[in-house]
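K.L.:
Chain by chain, the residues:
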Amino acid sequence: MSAKNTLLNEPFIAWRWFYRSFKQGDWLWLFIAISIASMSVTTITHLGESIKQSMLQKAANSLGADLVLRSSRPIDEHWQNQADKLNLQTQKSLSFVTMALVEKPQEAFQLVNLTAVEKSQPLRGERILNSQLPFKALTSSTVWIEPKLMQLMNLNGNSQLLLGEKKFALAGAVEPNSLINPMAQFAPQVIMPLQDLDSTQLIGPGSRITYQLSLAGNTQNIQQFVREFENAKPEFIDLISAQAPNEDLQKTLDRAWLFLDLAALSAVFVAGLSILIASRFYLNRWRSSLALLRAFGGRNKQLRRLFAWQFFWIGFSSSLLGVVLGLCLILLASPWLETLFTLFIHASYVYAALIGLVSGILVLWSFAWQAYQTAMQTSPLQVFKQTSKRQQMRHWVISFALVLILMSVIVQMNFLGWVLSIGALLSIIFYLCASALLWALQKTHMHTRGWLRLSIAALLKQPELIKIQLVSIGLVLFVLILMTFVRQELINNWQSSLPEKTPNTFLVNVQPYQLDTVKNLFAAQQLTPDFVPVARGRLIAKNGIQLTSEQMPTLRAQRLLQREANIAVSSETPKYNEIIEQLPDSEYSGLGVTVEESIAEAFDIKLGDRLSFDFAGIEYRYQVRAIRSLNWQSFRLNFFFIVEPNSEKPLAVSYLSSLFIDNKTVRNELTQQMAQQASGALLVDVQQIIEQIREIMDQAASGVSALFFFTLAASIAVLFSATLASQQARIQTWLLLRTLGASSRQIRLIGLSEFILLGLLAAVLAASFAQAISVMISVNILDANPKISPELWFTTFIAGSLILLLVGYLSQRPYLNMSVGKLKRNLSSMN
Amino acid sequence: MTTAAATISNPILALENISYRVQSDEQTLDILNGCNLTLEPEQTLAIVGRSGSGKSTLLSIMAGLEKPSSGNISLLGHALNHLNEDQCAQIRAQQVGFVFQNFQLLSSMNALENILMPLELFQIEDARDKALAALDKVGLSNRAHHLPAQLSGGEQQRVAIARAFVTTPSILFADEPTGNLDEHTAAQIQELLFELNQTHQTTLVLVTHDMNYAKQCDQVLQLQHGQLQPW
Chain S
1 MSAKNTLLNE PFIAWRWFYR SFKQGDWLWL FIAISIASMS VTTITHLGES IKQSMLQKAA
61 NSLGADLVLR SSRPIDEHWQ NQADKLNLQT QKSLSFVTMA LVEKPQEAFQ LVNLTAVEKS
121 QPLRGERILN SQLPFKALTS STVWIEPKLM QLMNLNGNSQ LLLGEKKFAL AGAVEPNSLI
181 NPMAQFAPQV IMPLQDLDST QLIGPGSRIT YQLSLAGNTQ NIQQFVREFE NAKPEFIDLI
241 SAQAPNEDLQ KTLDRAWLFL DLAALSAVFV AGLSILIASR FYLNRWRSSL ALLRAFGGRN
301 KQLRRLFAWQ FFWIGFSSSL LGVVLGLCLI LLASPWLETL FTLFIHASYV YAALIGLVSG
361 ILVLWSFAWQ AYQTAMQTSP LQVFKQTSKR QQMRHWVISF ALVLILMSVI VQMNFLGWVL
421 SIGALLSIIF YLCASALLWA LQKTHMHTRG WLRLSIAALL KQPELIKIQL VSIGLVLFVL
481 ILMTFVRQEL INNWQSSLPE KTPNTFLVNV QPYQLDTVKN LFAAQQLTPD FVPVARGRLI
541 AKNGIQLTSE QMPTLRAQRL LQREANIAVS SETPKYNEII EQLPDSEYSG LGVTVEESIA
601 EAFDIKLGDR LSFDFAGIEY RYQVRAIRSL NWQSFRLNFF FIVEPNSEKP LAVSYLSSLF
661 IDNKTVRNEL TQQMAQQASG ALLVDVQQII EQIREIMDQA ASGVSALFFF TLAASIAVLF
721 SATLASQQAR IQTWLLLRTL GASSRQIRLI GLSEFILLGL LAAVLAASFA QAISVMISVN
781 ILDANPKISP ELWFTTFIAG SLILLLVGYL SQRPYLNMSV GKLKRNLSSM N
Chain U
832 MTTAAATISN PILALENISY RVQSDEQTLD ILNGCNLTLE PEQTLAIVGR SGSGKSTLLS
892 IMAGLEKPSS GNISLLGHAL NHLNEDQCAQ IRAQQVGFVF QNFQLLSSMN ALENILMPLE
952 LFQIEDARDK ALAALDKVGL SNRAHHLPAQ LSGGEQQRVA IARAFVTTPS ILFADEPTGN
1012 LDEHTAAQIQ ELLFELNQTH QTTLVLVTHD MNYAKQCDQV LQLQHGQLQP W
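Protein sequence lines, in the order shown, are assigned to chains S and U. The opening position of the first sequence corresponds to residue 1 in our numbering, with each subsequent residue numbered one higher. The opening position of the second sequence corresponds to residue 832 in our numbering, with each subsequent residue numbered one higher.
The hints are simulated quantities; they were obtained by calculation from the structure and are not laboratory data. One or more of the hints may lead you astray.
Straight line, CA to CA, 20 angstroms or less: simulated DMTMM-like cross-link-like pairs of lysine to aspartate or glutamate [stated by the list, open to error]:
hint, chain 1, residue 1, chain 2, residue 2
1, S, Lys52, U, Glu951
2, S, Lys822, U, Glu986
3, S, Lys301, U, Glu986
Here are the in silico distance ranges between beta carbons for each label pair [stated by the list, open to error]:
hint, chain 1, residue 1, chain 2, residue 2, range
4, S, Ser744, U, Gly970, 37 to 47 angstroms
5, U, Trp1062, S, Ala436, 53 to 63 angstroms
6, S, Arg16, U, Gly1010, 50 to 60 angstroms
7, S, Tyr19, U, Trp1062, 45 to 55 angstroms
8, U, Gln981, S, Leu460, 29 to 39 angstroms
9, S, Leu460, U, Asn867, 20 to 30 angstroms
10, S, Ser427, U, Trp1062, 52 to 62 angstroms
11, S, Arg16, U, Gln981, 19 to 29 angstroms
12, S, Ala436, U, Gln981, 37 to 47 angstroms
Think of the CB as a built atom: it goes at the ideal place given N, C-alpha and C, for glycine as much as any other residue.
Let the sequences and hints guide you as you build the complete structure.
P.N.:
Here it is in structure tokens:
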């Protein structure tokens, strides 16, 4: 025999064999499943990364940088040096509230938030210009002002603004950026060059200045900077990141990231199940081929290599197709995505394609490993008689390890281990439940008759296969329910956090003697805001023990001890606060305080504890009466502490209020009137920040929905393939029934009932687990109240049986009406 | 291949006291119980016996697909019971052919591709020409691109025979090659098998129920109670 025994030829031989079989429709379901997995990963990786980058860009633009260091003391040069070392762009600025004066056209003065900047443009994004003034570059002796200052001070293009000792010409009107500088909400912003600051002589020893160092650069260097900052934990410096510009946005973004990761995992998991089932479907063919090749004299290692090469080829070609389809899908969806995001950034196509390709190949090996190993154990004796298929535990372990690698390629989640453990546990529990359901079905089988008996018998014919089908279909339904639930919860949560009439105006620093005047001003506009008295105070001790910031584990707790906060003085708790725990009336003694739950947790505050506060240098003690939970994203007046009024030693209070003012002109009018009639009291307009948050939330909701529908489409394909594994046995049964004289109607009834039964059984599994998981997610991730939902059960049953009925009808339609001869031929082509 | 195993004698196939035992839950079943046989090159041998008498098991042992429980077996001068699975496979690859009752054609490959498969497995040159020639010899050159499901039973068995002879084996094992065919087709297949056997000067071991078919062989042995007895 003239043989060129070279390993180099094997990939080509394997390709030829793969291609020949593939042409005849072999490997098709595997091919489709891998393509779906690869397409999903490519699309979701790109889409997810693009959405992430676009949202971060949006947040970074709002912040004017990727990172901002903020402090009430000058920021140590060390951080500037570190930024230089990492090639980060920097921008120094400082802000403080001061009085601005104007002499012409008429004398006016106004409290302004003065920001002195090193460079006129922010590091990220651009300033939003207002056409009220002709725009010029910011040079020495010029300032940019917030447009509303024009009305407040009656300014025009020739006005000169006196800031301290120096006069400035107006070089333009720019919209304030509330994320860059929160103080901008309290007083109109004025931007000046940093180089002119000394000449104003505004800075004195007692000035309350906010120093900022803004940074921008590539992601890796920014992350490196954050790591160094977190390791050093410098005192008195806050780090604000575009990833978490404020607490509200951080929650929104975190949940959106979580969903993106969930969507990618679900799509791959669903495709993986499809591969698992399809590989079982092809297993008998692989075993027949391998038995024959072994009988012909194929050596074990050679066949392993040839078969592995065939796996490689199918993995590679189908993944490649998936990647191409994924990229096409991205290009098709791009115009739509660009309408959702004001600035849509396309993440790297190469990276997404690479991840898609690797994932496609990995998902094949992860989920088809068992079938591959089982096929490899085929004895050549199989050509004469059926031999047993042994499944070894170590192959399940390898399979699981491969899934682990696959998941870590797809998502960078810190709770990957958690997700996988839950996934493995769920699969085992699903399997045990499926066994129990089959056992119950077996018992029921004895008491049924006619077509139902035959349908159940058909299901029970291959119990192991049915268990796998039940687990797979159940898991797919479960994933769909879970995704539907999480998506709905996310969107509801985001919508409810910023409802239509979210307060967009805050009134602060209204002194008691100004209260009536301010109320009258608002009443003239048909507005009746509720005012809450607040006192500036600081928590200093718990149960007589001094609290120091060094003891506190969280930054939030440290900050609260270092600074004064607004503490509400009221004997009532706002209705939108939820009381979680309350001290019984019998245990009340002295004055009471209610505490927000996260603060209670941070300081380990319990009901009945005695808290000491420092109000203007005087210590006040209160007993903790209740722990409250509140929604920080609500833009209502929220307080960490609400203390009872002390009639004997009344606190010096000012008043705060929040309300929704629809009309911008009214807001501006009121701002002007308050400046004139209630000096020092401020109207803070937060409409802009609400709109920014709303926009980011809307973008997250759109991204989440797009990914959800994509996963839904991938799942339908799995359900189709899930029914294929038992196709041979099904046709055998129908062939027998047809031969025995069963009518087409009877065959249809038996065939389709089998699918409905399968759907119902899978729905039982899916609904129970979805219910359990939804409760867990509600409590642990979404901070929402868990609900038992009868609709979920009902919908799952109906959806499970209807989807399977539809899948059964579509996939079985050609066979249900076939003659005995045709069925026989189809059966022989499956061997 | 390791040639450490000793050559027993000149016959192409020799069985010496071959036994095969199967251990079921509670009992031991003796399928083969001291089978002896000697087959010279180019001879034809038929093994007959009732269903379940162990004919296929004996065939798989003779072809080195299965190890006997005890006894010695020599195929083409190699003591199979001293060889490992890969060494047995190499002997089959080089000098053994098979024809099966249920044809064992791969359903997703057409007639030509089924014949090409063993040639490609062993990377034999001019594989395609050889496969086409083999198809021509069994009279199916016009059916080269048909799938097994598109061929009749007789045609499928012809493809299987072409596949068996394409690697020019020294010995051919045929397990009930006409068992799934009607009388007329079976006769045609018998004729073809013997004709090709003569042309290629192959040794033939045939397992069959059909006595008329068996009688055409040089030697007929009956497998009864696990032992080979002359017919």
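K.L.:
Each hint needs a verdict: does it hold in this structure or not?
P.N.:
Results for each hint:
Restraint check for lysine 52 of chain S and glutamate 951 of chain U: not satisfied, since their Cα atoms lie roughly 51 angstroms apart, outside the 20 angstroms limit. The suggested pairing of lysine 822 of chain S with glutamate 986 of chain U holds, with an alpha-carbon distance near 19 angstroms, which does not exceed 20 angstroms. Restraint check for lysine 301 of chain S and glutamate 986 of chain U: the C-alpha separation of about 33 angstroms exceeds 20 angstroms, so the hint is violated. Checked against the hint of 37 to 47 angstroms, the C-beta distance between serine 744 of chain S and glycine 970 of chain U comes to roughly 40 angstroms, which is consistent with it.
Checking the proposed 53 to 63 angstroms range against tryptophan 1062 of chain U and alanine 436 of chain S shows it holds: the Cβ atoms sit about 57 angstroms from each other. The hint said 50 to 60 angstroms for the Cβ distance between arginine 16 of chain S and glycine 1010 of chain U, and at roughly 32 angstroms that hint is violated. In this structure the hint that tyrosine 19 of chain S and tryptophan 1062 of chain U lie 45 to 55 angstroms apart at CB holds, the actual value being about 49 angstroms. In this structure the hint that glutamine 981 of chain U and leucine 460 of chain S lie 29 to 39 angstroms apart at CB holds, the actual value being about 35 angstroms.
For leucine 460 of chain S and asparagine 867 of chain U, the hinted distance range of 20 to 30 angstroms is not satisfied, since their beta carbons lie about 48 angstroms from each other. In this structure, serine 427 of chain S and tryptophan 1062 of chain U meet the distance hint of 52 to 62 angstroms, their C-beta atoms being roughly 58 angstroms apart. For arginine 16 of chain S and glutamine 981 of chain U, the Cβ-Cβ distance of about 21 angstroms falls inside the hinted range of 19 to 29 angstroms, so the restraint holds. The hinted range of 37 to 47 angstroms is satisfied by alanine 436 of chain S and glutamine 981 of chain U, whose Cβ atoms lie roughly 45 angstroms apart.
The structure does not agree with the numbered hints 1, 3, 6, 9 stated previously, though it agrees with the rest.
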